[in-house]
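Place chains B, C, D, E and F on chain A using the hints.
Residue strings, one per chain:
There are 6 protein chains.
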Amino acid sequence: MPYITVKMLEGRSEDQKKALVEKVTQAVSETTGASEDKIVVFIEEMTKGHYAVGGKRLSDQ
Amino acid sequence: MPYITVKMLEGRSEDQKKALVEKVTQAVSETTGASEDKIVVFIEEMTKGHYAVGGKRLSDQ
Amino acid sequence: MPYITVKMLEGRSEDQKKALVEKVTQAVSETTGASEDKIVVFIEEMTKGHYAVGGKRLSDQ
Amino acid sequence: MPYITVKMLEGRSEDQKKALVEKVTQAVSETTGASEDKIVVFIEEMTKGHYAVGGKRLSDQ
Amino acid sequence: MPYITVKMLEGRSEDQKKALVEKVTQAVSETTGASEDKIVVFIEEMTKGHYAVGGKRLSDQ
Amino acid sequence: MPYITVKMLEGRSEDQKKALVEKVTQAVSETTGASEDKIVVFIEEMTKGHYAVGGKRLSDQ
Chain A
1 MPYITVKMLE
11 GRSEDQKKAL
21 VEKVTQAVSE
31 TTGASEDKIV
41 VFIEEMTKGH
51 YAVGGKRLSD
61 Q
Chain B
1 MPYITVKMLE
11 GRSEDQKKAL
21 VEKVTQAVSE
31 TTGASEDKIV
41 VFIEEMTKGH
51 YAVGGKRLSD
61 Q
Chain C
1 MPYITVKMLE
11 GRSEDQKKAL
21 VEKVTQAVSE
31 TTGASEDKIV
41 VFIEEMTKGH
51 YAVGGKRLSD
61 Q
Chain D
1 MPYITVKMLE
11 GRSEDQKKAL
21 VEKVTQAVSE
31 TTGASEDKIV
41 VFIEEMTKGH
51 YAVGGKRLSD
61 Q
Chain E
1 MPYITVKMLE
11 GRSEDQKKAL
21 VEKVTQAVSE
31 TTGASEDKIV
41 VFIEEMTKGH
51 YAVGGKRLSD
61 Q
Chain F
1 MPYITVKMLE
11 GRSEDQKKAL
21 VEKVTQAVSE
31 TTGASEDKIV
41 VFIEEMTKGH
51 YAVGGKRLSD
61 Q
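Residue numbers (UniProt numbering), protein chains in the order written: chain A, 1 to 61; chain B, 1 to 61; chain C, 1 to 61; chain D, 1 to 61; chain E, 1 to 61; chain F, 1 to 61.
One should not assume that every hint holds.
Since the list gives no way to pick out one identical chain from another, each pair is judged satisfied if it fits inside one copy or across any two copies.
Result set (BS3-like, lysine-lysine): computed pairs, CA atoms no more than 27 Å apart in a straight line [stated by the list, open to error]:
no.	residue 1	residue 2
1	48	7
2	56	18
3	38	23
Don't read these hints as lab results, they were simulated from the structure.
All figures in this text were calculated on a predicted structure; none of them were measured in a lab.
Only chain A is shown next, with the shape it has when bound in the complex:
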């Protein structure tokens, strides 16, 4: 606790994801006071065909 879910388009590299969970965990720890080892991060990736803004999927733009 806390539990953080990051939902984003697929395509980030392993290095980016590694840095992402590290930096987000630090940011949450510093601002909430939770100890880092209690913080959980989930990454959820989506495709351009499953994400739409303004009624149009990214894959249709």
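This is chains B, C, D, E and F only, laid out in the frame that chain A set:
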């Protein structure tokens, strides 16, 4: 805003998904007053092995 | 099935929410072929203090 | 109703998932009073690269 | 891990919720092999005005 | 995009939440390359009666 997530079994065609996000966005805009370009739709697909009703997965029926 | 979640700021009226679930259900039924009685809609409301764009909460703007 | 989501690492067998949804459905029915045929279970699997505890992904440990 | 979310209408008693998380945790442990102390359960309650089946909210029926 | 959800126990102050969304947004921007104004953060709070580890709710400990 609003953010809409549609969770359904995999198998719909690209044309169905394209129409889905378009029509849902219109429906949300008309009824909430949000402008269409602010509305976000996420599609989440699941397999028959990851969905159960009454304690039985669709893949086991 | 499908299951639709609409996440939005609190403040819509009961009439708006009633129309919202009705119109979204119709839109999903027409475009996916699912029968209306199988379609489930969840509404999730959030406060301005729990929603941020660009690192700033709506309540801080 | 209720709707239960089980989020876990990928790798469980079909038999484990079959038993999982059956036993969870029974547990929810017994304790909430909901009839089993109204209970829905979703399984969501994640990879070791998309799950981090303490700022470190399982795939980096 | 696993993480279980139970989404249901508000109105269950504290005793029901206490039994719910206990029995669900046991069911998940027995069928997935995860140790009980690693299993997390979240309860999410919704109102009748925020839940619709067939385009109609429970509060409108 | 990305969309970040932070789920935690209720009780943090407004200042903590303000700092939380600011620092998390910076962390996500720096590591994914997304511009800050595209990043959305949702906070979801839970009570001790709706969160259980090891089959026991925090409110029962």
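Evaluation of the provided hints:
1. Proximity of residue 48 to residue 7 under the C-alpha cut-off of 27 Å is found in both arrangements, the shortest distances being 13 Å within a copy and 16 Å between copies.
2. In this assembly of identical chains, residue 56 and residue 18 lie within 27 Å of each other by CA distance solely across copies; the values are 7 Å between and 31 Å within a copy.
3. Proximity of residue 38 to residue 23 under the C-alpha cut-off of 27 Å is found in both arrangements, the shortest distances being 15 Å within a copy and 18 Å between copies.
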